[in-house]
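Chains as they are written, first to last, in our numbering: chain D, 82 to 456; chain U, 2 to 385; chain B, 1171 to 1260.
It is possible that part of the hints are untrue.
20 Å max Cα-Cα, derived DMTMM-like pairs, lysine to aspartate or glutamate [unchecked claim]:
hint, chain 1, residue 1, chain 2, residue 2
1, D, K206, U, E40
2, D, K341, B, D1238
3, D, K413, U, E43
4, D, K344, B, E1232
5, U, K187, D, D194
6, D, K395, U, E25
7, D, K238, B, D1209
8, D, K341, B, E1241
9, D, K413, U, E238
10, D, K408, U, E55
11, B, K1234, D, D166
12, D, K408, U, E36
13, B, K1191, U, E40
14, D, K341, U, E43
15, D, K413, U, D261
16, D, K408, U, E40
17, D, K395, U, E333
Hints were generated in silico from the structure; no laboratory data involved.
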Amino acid sequence: MRYVDEYRDADKARALAASIASLCEPGRQYKFMEVCGGHTHTIYKHGLEDYLPENVTLVHGPGCPVCVIPMGRVDDTIHIAEQPDVIMTSFGDMMRVPGGRGSFFDSKAAGADIRMVYSPLDALKIARQNPDKKVVFMAIGFETTAPSTAMTVLRAKAEGLTNFSIFCNHVTIIPAIKAILDSPDLRLDGFIGPGHVSTVIGCRPYDFIAREYGKPLVVAGFEPLDILRSVHMLLQQLAEGRSEVENQYGRVVPWDGNLKALKVINETMELRPYFEWRGLGFISHSALRVRDAYAAFDAERIFEIPGSRVADPKACQCGEVLKGVLKPWECKVFGTACTPETPIGTCMVSSEGACAAYYNFGRFTRERVREATRG
Amino acid sequence: MAERPLTSEPAGRSADWAEAAVREHAHVEMASREEQVLERIERARRARPRLREENITLSHGAGGKATQTLIEAVFLDAFRNPLLEPLDDGAHFTVDGASMVFTTDSYVVSPLFFPGGDIGDLAVNGTVNDLAVSGAEPLHLSAGFILEEGFPVADLKRIVGSMRAAAQAAGVRIVTGDTKVVQRGKADGCYINTAGVGVVRRTLGGDVRPGDAVLVSGPIGEHGVTVMLARGELDIESDVTSDTAPLNGLVATLLDACGDGVRRMRDATRGGVATILNEVATDAGVAVVVEEDAFPVRPDVRGACELLGIDPLYVACEGRMVAIVSGDVADEALSALRAHPLGAGAAVVGRIKDDPPGLVLLKTAFGGTRIVDLLVGDPLPRIC
Amino acid sequence: MCLGIPGEIVEILPDQPDLAKVDVSGVRRNINIGLITDDDPQPGDWILIHVGFALSKIDEAEAKAAMDFLEGIGQAYADEIEALMESRIE
């Protein structure tokens, strides 16, 4: 596969790994946060940590839009799905996320019409095919996905559809990163920056991180060589005493972002004053809602949303894992009460949650694994 | 709609099911080092699985962890007996000195017709394959039909025609059956259950042990991708077809070439090759160590999986088997498979080691290592 | 949020607004290219696909530059790799 395979080349990885090692100051510990859940997934899936020297640690961040959805919003979605004549549509990632009373899968088993879609356009198709039903699309994702939702709402309006709406749970990345930077528990040396969010917002929004907080940030692609190269670039900055925003993913990310995408988001959505993030609490101006002009497509105005708030179980430490303060295996309930089969928190059920990635891919001490796979 | 206040007051209620789960495990001591945590996990995994759900969900039918838990907690618990305990592809027993294998499977695939075959092909081949990989010569099949009111007879004839052809190709006969009709809205058109009986001509070569080689008989993931795309919801076009096929001929070729060098064979169905590898690792208490690069995958299967964010290792096959053979006959096994039309794409994908027991380890194409665990349910397309 | 796959535009659909047929390793799907119309997408162009939409056109020059760097670093460290691997990474 072009633009994929060449970024998975083991020989180049070994060369990069050697170069990375040579850039490290002996005795110094380096801690970089990779913000995106997609990066977490790649790191574990390809066993990237085997290529990094012992003194370079990658810390997982809150860039998993599934992980940060509070349980109450899952309950609200199920509440909508249980209304008469509603077809709820959702990405596969959300199907197993547990709310206060169970997941979408559980609700489907109890009779709600909840369907998995690959694209919001598929939800639109379902709306066209079922004029007597109210079709709702549960919109999640950072700025990467918001433009697609926005385009879909614009199409719905252009086609004059009256039975389609979205339940908007889009969140924005900068407030999440800022929450990390302001967190007293964390001492990071730099950031592996979000790749696909940056195709939309560009690289400029991260300037404040380098300027005001003095941390380098490299916008990174999602193939293993992209991530290794980004670590290399971060170490190079540190070695040279620089703190800048750099773009490793130039083949996909334009420095100025995608103006059209930003325009359509702005046309259909606006920032909420506050939004609750699982594990991070309330963050101001961190999430999107549908604008008044498009109220006819806003599920929150069409349906009575209970506005459920469900407290995270006391033992759940998703918040600390999302902030990178805890490694998955340091959570008290990791692997016992909380497993992929019986998840308590979103970090375990989301395919890019740090806990799920660790449990499914990395769950073994590196030496034993290397011993077994040698020869 | 009122916006939320900035101060986070405690939420109104908490998730009772989660509190209960935490209380259940409260007695477990806190581990401070990674090694201890991993041991804690292994202990938890070895404990009897408990079924927590009150209703059946789709995950229970996917062949992964949820299915296993259901089988052990409900079916095995109720029916427990020595013939059932191994939970193999088929039950082995002797009647007057003759060694027999008996198996059953149900087919609920949707859509009924897809590129490369239909539910009828699956119904015959699936049961033939369960018998074949158990070392038995498949003899006779039963076929029970559950039909939806309003189902076109022409479609039924088409399915039955496929079954006749498949049975002929496999050298078996359908000797008994049953028909039920249910009201419109149930049975998705047509459900089929088949059971099969075979006689064991050759015993397989003992337990899986360190040093054994792991082979797959051909490219993986074709059936699952075909059916996913054929449902039409994903709007993806491709030329992928189902790999449904009877494997008894291929099995015979392998056994002829390697005799009791063949330890075990399993046909990969729902849950894909990854599920089989996990079952081998757990059943034999060994480590299965495989190389990502070694698994044959068609480019378009790979493309579809990348697009959807699914791992081909977990995608269903219907005409592929995993064979564990003694290390010293690995080359002969591979040649034998490749000489047969259904094994043309066969490959050696890894080895059995003794440590870490019960786990499947993968050396990625990139050179790193990771674990291949069982999924809870079906692999779901993801956006993240 | 993160899953973006590169695909090649095979055909711009003449009668459908903003739709193009895109090929990913032999598999084809209609993708909405409404977000990248300013870049004038054409058959043969490679794009990044996310949830059925093209988010960006892949810049071949940038891709080549990235690859060139990786090739270069491979050559420069060819001999030193072995020694470094033994002493540091393992």
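So, going through the hints one by one against the coordinates:
no. : hint              : in the structure
1   : K206/D to E40/U   : violated (49 Å)
2   : K341/D to D1238/B : violated (31 Å)
3   : K413/D to E43/U   : holds (15 Å)
4   : K344/D to E1232/B : violated (26 Å)
5   : K187/U to D194/D  : holds (16 Å)
6   : K395/D to E25/U   : holds (14 Å)
7   : K238/D to D1209/B : violated (25 Å)
8   : K341/D to E1241/B : violated (35 Å)
9   : K413/D to E238/U  : violated (46 Å)
10  : K408/D to E55/U   : violated (33 Å)
11  : K1234/B to D166/D : violated (52 Å)
12  : K408/D to E36/U   : holds (13 Å)
13  : K1191/B to E40/U  : violated (50 Å)
14  : K341/D to E43/U   : violated (51 Å)
15  : K413/D to D261/U  : violated (48 Å)
16  : K408/D to E40/U   : holds (16 Å)
17  : K395/D to E333/U  : violated (58 Å)
Checked against the numbered hints given earlier, the structure breaks hints 1, 2, 4, 7, 8, 9, 10, 11, 13, 14, 15, 17 and satisfies all the rest.
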